[in-house]
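Residues in the sequence shown are numbered consecutively from 1, following our numbering.
Read the hints as simulated data drawn from the structure, not as lab findings.
Among these hints, one or two may not hold up.
Said to hold, decoys possible - Okay, derived cross-link-like pairs now, DSS-like style, lysine-lysine, Cα gap no bigger than 27 Å in a straight line:
1. Lys38 / Lys49
2. Lys90 / Lys4
3. Lys148 / Lys90
4. Lys33 / Lys49
5. Lys33 / Lys50
6. Lys2 / Lys122
7. Lys4 / Lys122
8. Lys122 / Lys50
9. Lys49 / Lys90
10. Lys149 / Lys33
11. Lys2 / Lys149
12. Lys50 / Lys149
13. Lys89 / Lys149
14. Lys2 / Lys90
15. Lys38 / Lys122
16. Lys50 / Lys38
17. Lys148 / Lys4
18. Lys49 / Lys149
19. Lys89 / Lys148
20. Lys33 / Lys89
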Amino acid sequence: MKAKGGAVFLAGLVAGTMDLVAAITFYSFILTKLHPTKILRSIASGIFKKEAYTGGPEMVFYGLGLHYFIAFTFAWFYFTIYPNFPFLKKNAFLSGAIYGLFAWSIMNLIVLPIAFPQLPNKHLDFPLLISILIIITCIGFPIAFIAKKFYSFR
């Protein structure tokens with residue numbers, strides 16, 4: 001991949017898709033807590049609030065779009081900081097794990113509390129650990145490995 005924009009797009013697309021598939025697999029099929037459309041409506045509710053749950057099917061697509069926007073933003077940010085932090089270049093696996101923790105922290109400690117002030121407190125339990133592992137595996141790793149591959153040709 002020659003263009004940085006293309007590499008960022010690929011990283012965001014892969015990360016966003018992996019994260020969504022993992023979330024749907026875990027929350028819809030393993031825990032059987034949420035229907036896949038409810039997951040996407042929940043994402044849309046960050047902007048549309050209660051209307052995301054009462055609105056039509058377009059809310060599912062808004063949730064999907066917002067999900068990928070977030071994934072592309074995390075990919076763009078990593079590609080932007082990558083050249084300036086030499087430790088990111090040493091080990092893509094470790095860098096991906098650290099970046100996944102960073103992404104999880106940003107989403108769960110900043111973004112979600114702003115979008116949903118009444119969220120219940122988080123407790124260290126199995127679903128929380130799974131959510132962290134999903135973000136590390138599906139967001140951190142693919143973005144780090146795609147960035148390493150892209151920048152190795154520079």
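Hints, one by one, checked against the model:
1. Lys38 / Lys49: holds, 13 Å
2. Lys90 / Lys4: holds, 20 Å
3. Lys148 / Lys90: holds, 9 Å
4. Lys33 / Lys49: holds, 20 Å
5. Lys33 / Lys50: Holds, because 19 Å separates the two Cα atoms, which is no more than 27 Å.
6. Lys2 / Lys122: violated, 42 Å
7. Lys4 / Lys122: The given pair, whose Cα atoms are some 37 Å apart, is violated under the 27 Å limit.
8. Lys122 / Lys50: With Cα atoms ~22 Å apart, Lys122 and Lys50 stay inside 27 Å; holds.
9. Lys49 / Lys90: violated, 42 Å
10. Lys149 / Lys33: violated, 37 Å
11. Lys2 / Lys149: holds, 11 Å
12. Lys50 / Lys149: violated, 42 Å
13. Lys89 / Lys149: Holds - the C-alpha atoms of Lys149 and Lys89 are around 10 Å apart, at most 27 Å.
14. Lys2 / Lys90: holds, 22 Å
15. Lys38 / Lys122: Roughly 20 Å separates the two Cα atoms, so the pair holds.
16. Lys50 / Lys38: Cα-Cα ~12 Å, so holds.
17. Lys148 / Lys4: holds, 12 Å
18. Lys49 / Lys149: violated, 39 Å
19. Lys89 / Lys148: With a Cα-Cα distance of about 7 Å, the restraint between Lys89 and Lys148 holds, given a limit of 27 Å.
20. Lys33 / Lys89: violated, 39 Å
Checked against the numbered hints given earlier, this structure breaks hints 6, 7, 9, 10, 12, 18 and 20; the rest are met.
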